[in-house]
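Participant: Listed here are the chains, written in short residue letters.
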Amino acid sequence: MKTFEYGDDQIGAREVSMTVSSIMIGIGILTLPGMLAKHIQASDGWVSIVTAGLIASVCGLVICSLLKRFQGDTFHRFTARITAKPVAVLISAIYGVYFLLYVAYEVRSIAKISRMYLLENTPIGFISVAFLLVVVYAVSGSTAAVIRLNTMFLPIVLFISALVLLFGIQLMNLDNLKPFMTTPPLELASGTKDTTFALLGFEVLLFYGPLLKPGVRTQRAMLVGIAIPVFLCLITYLYSIAIFTKEATAQILFPTVEIAKEVRLPGQFFERLESIFFTVWIMTIFNTTCMAMETSVSCLQSIVSKLDKRWCILLLCPLAYFINMLPENMLQYKQLGTIISYIGYGTAVAIPIALLTVARFKRGRRL
Amino acid sequence: MSESQSAVPPATLSADLDENIARIRSRLGNASDLLVSEHRSKRGVRYAVFCIDGLSSRLIIQEHLLEALIGSDADKAKLPVQEVRTTGLLDEVLIGILSGDSAVMSEASDCAQIVGTKFWNSRPVEEPQTEALIRGPRDGFTEDFRTNTALVRRRLRDPNLRFETFQLGRRSRTDVAVVYVEGIVNDKLLQEVRRRIHTIDVDEVAGSGFVEQWLTDHQLSPFPQIMSTERPDKLSAALLQGKVGVIVDNTPFQLILPMTIFSFFHSPEDYYQNWIVSTAIRVMRFGAAFLATFMPAFYIALTEFHHGMLPSELAFSIAGSREGVPFPSVVEAFAMEATLELLREAGIRLPKPIGQTIGIVGGLVIGEAAVRAGIVSPIMVIVVAITAISSFSLPSYTFAISLRLLRFLVMLSAALFGLYGIVLAYIMLNIHIANLKSFGIPYSTPFAPTFLSDWKDLILRAPLSMMNGRPKMMRTKDKNRLK
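So the protein lines, in turn, are chains A and B.
Residues in the first sequence are numbered from 1 upward in steps of one, following UniProt numbering.
Residues in the second sequence are numbered from 1 upward in steps of one, following UniProt numbering.
Derived from the structure by calculation, the hints contain no laboratory data.
A hint or two may mislead.
DSSO-like, lysine-lysine: derived pairs with alpha carbons at most 27 angstroms apart [as the list claims (entries may be wrong)]:
#1 A:K112 / A:K193
#2 B:K76 / A:K213
#3 B:K472 / A:K213
#4 A:K85 / A:K261
#5 B:K78 / B:K118
#6 A:K213 / B:K477
#7 A:K213 / B:K78
#8 B:K76 / B:K118
#9 A:K112 / A:K261
#10 B:K352 / A:K213
#11 A:K68 / A:K362
Which chain A residues stay away from chain B? Per the calculated CB distances, all over 12 angstroms, these [stated by the list, open to error]:
#12 D9
#13 P210
#14 W281
On a predicted model such as this, the values are computed, not experimentally measured, just so you know.
Ideal Cβ positions, reconstructed from N, Cα and C, are used throughout, including at glycine.
Using the sequences plus the hints, can you model the full thing?
Facilitator: Structure below.
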């Protein structure tokens with residue numbers, strides 16, 4: 001039955017912020033404090049985080065100006081307009097592969113952490129399949145619904161984080177944060193590199209161009225969207241250093257979850273808050289994965305325009321599962337992460353900047 | 001109705017009274033409840049009066065109609081009744097008679113006068129059975145169409161209140177009215193309602209549940225996308241929010257559309273009470289809905305997968321109480337929840353005095369005996385009891401029943417994956433809700449897509465003086481409630 005258009009399939013500034021935040025808050029924040037503590041003294045990591053946040057903001061602004069320049073156009077079409085058709089196909093393919101890897105990585109991480117904190121005996125394959133199927137269910141719905149899901153889950157995730165952080169105050173030992181500023185700048189720079197990986201994902205907005213309401217102040221929304229995860233990273237980093245000390249944080253795989261483990265809620269109903277915390281965290285990881293999957297699907301669709309959305313999903317889902325099952329041990333899992341982060345620098349930083357420069361250049365020549 | 005028997009022209013009455021009587025008799029198969037009386041007026045004009053026994057008021061016919069006809073000394077008798085219309089079509093006369101009106105025909109005339117004499121035994125206006133309130137009006141819709149429209153009209157004396165009445169169902173010819181307030185309702189929504197309702201082309205429209213199922217956007221969803229209510233105050237309040245009502249004959253349940261998920265947590269009582277109390281109660285209802293859906297699943301997850309999550313004393317006491325229970329908690333939970341649903345169903349079917357015994361038998365005897373026999377643990381009985389109480393505390397029966405259904409799915413996923421399964425089930429529920437629409441309006445409005453100003457009447461029920469606008473999500477024409 002045909003329904004009349006209600007006009008809510010377009011997204012405004014609030015949805016843009018929430019989308020950007022949702023995709024950025026994912027696995028990255030869980031591991032970030034540990035990664036930083038490995039080579040950064042005391043609490044100096046905040047410099048890295050802030051710098052990474054600034055870099056992300058600049059890249060975010062680049063993406064916004066691309067979107068503004070080609071308002072209402074899909075990513076594939078405007079890359080084709082800026083460059084040439086074969087180049088656009090290549091770029092879409094890069095993004096498609098990148099986001100597919102991203103999906104695989106997130107699913108693998110979910111399976112890994114679930115086994116650590118929730119399901120000790122369930123095989124990774126089962127956990128991944130269940131999660132992937134839910135993602136497929138979401139992606140086969142409408143894009144507007146995927147964005148609505150961000151608006152539904154992000155407040156819950158932020159609320160539980162705030163709860164954990166609030167009750168974690170009593171555990172903090174501020175002396176652990178000292179001494180200040182003792183890390184050499186080069187180490188700080190490598191910390192920035194680690195952090196940017198945790199913050200990747202905002203480039204997904206490139207693919208939501210046609211959904212943006214005309215006249216929305218995308219820049220501001222983007223900055224707000226980036227600020228929330230950066231702030232969350234910063235606070236969890238400082239918390240884990242203050243609670244566990246730098247040395248211990250470096251040894252913990254998922255320090256953010258461990259904070260929740262230490263926290264005691266008054267009333268003592270739940271002995272292990274980290275299970276609840278991680279359970280809620282699954283929602284935001286789901287959002288991240290879901291948008292990545294959707295983007296991957298839309299990339300495939302723009303390359304092979306005849307392919308139905310359902311077929312795309314049917315094609316990509318087993319592929320994601322296969323990649324997800326590839327890493328056999330911790331080392332290979334980390335390698336997968338590194339590969340993705342390097343492609344990520346390309347997709348979030350290099351390609352948008354290159355596109356914008358070419359667009360400017362071309363336009364200048366034409367005028 | 002658009003009954004286009006394109007080739008054959010509609011049958012008309014003839015000028016011969018005897019032929020007309022014979023035709024009507026034969027069309028109704030010489031029905032025993034068809035009353036035909038022939039009279040002669042002072043002038044000697046012959047009249048015939050048709051009505052169906054039991055559907056018409058004999059008092060009106062005898063005292064007004066017949067007396068006027070017999071006493072008339074004009075060629076054409078003037079009828080001292082309020083509702084009269086003239087027609088020459090045989091079918092229209094038949095429908096008129098069958099819906100309780102009387103048809104008056106005179107000699108040498110090919111027209112009949114249809115006089116409004118509808119009167120039948122109907123239930124008086126009583127307190128709604130399914131939506132009882134402590135504070136608020138106690139009148140509820142009845143099975144009578146006219147009474148129902150009057151109940152709404154009494155609450156809104158706005159001249160802009162519209163009843164678009166037509167008949168649906170080729171054989172049942174049920175009266176259906178689309179109700180709205182002109183000047184508030186969004187025109188596009190109204191057009192869509194009209195378009196959909198006129199696609200109903202069936203034999204029988206059996207109550208509003210039928211119309212509801214015909215109009216919903218998503219047939220595959222367990223969630224109700226249209227609200228049915230027995231309360232005229234609920235309907236009239238919804239009309240003022242820019243919604244559309246559908247009143248159907250022969251049922252006390254009338255429809256309100258479009259609906260979003262949050263409306264099912266609201267009760268008219270929320271507006272009759274202090275806002276602080278109402279807000280607290282609403283928060284409680286959300287908690288109740290959560291418990292009703294997830295509580296047994298949590299029990300399964302905690303006992304089967306995550307023993308360490310509870311404080312050790314509680315974990316020990318649960319484990320102690322489960323000692324001797326031969327089944328895993330999954331089986332235990334499914335058995336008990338299924339029993340609960342059985343009891344509920346049995347309680348509805350049985351006559352009222354016995355229905356209460358079922359509650360006692362089920363709740364006390366079976367629960368106690370099952371625990372004594374060591375089939376289920378006492379904790380499980382508590383869990384089932386809390387779920388039952390929670391699901392009955394929701395104001396909408398249709399919504400509560402779909403949550404009860406979903407509970408089994410959540411339990412299944414908890415049995416497979418523990419807490420992980422519960423959160424996946426929760427995500428799936430949300431995906432489903434995010435994709436649902438009711439007449440084009442996303443089911444999760446005003447939360448997502450967000451309409452911040454509508455949050456004043458979402459979980460919070462702001463003081464009435466602050467609720468100065470109509471819901472923005474309804475895109476109403478008149479935006480202000482307070483001046």
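Participant: Now, for every hint given, state plainly whether the structure supports it.
Facilitator: Consistency of the hints with the structure:
no.	hint	result
1	A:K112 / A:K193	holds, 24 angstroms
2	B:K76 / A:K213	violated, 69 angstroms
3	B:K472 / A:K213	holds, 18 angstroms
4	A:K85 / A:K261	violated, 52 angstroms
5	B:K78 / B:K118	holds, 20 angstroms
6	A:K213 / B:K477	holds, 22 angstroms
7	A:K213 / B:K78	violated, 66 angstroms
8	B:K76 / B:K118	holds, 24 angstroms
9	A:K112 / A:K261	holds, 17 angstroms
10	B:K352 / A:K213	violated, 57 angstroms
11	A:K68 / A:K362	holds, 16 angstroms
12	D9	violated, 9 angstroms
13	P210	holds, 17 angstroms
14	W281	violated, 9 angstroms
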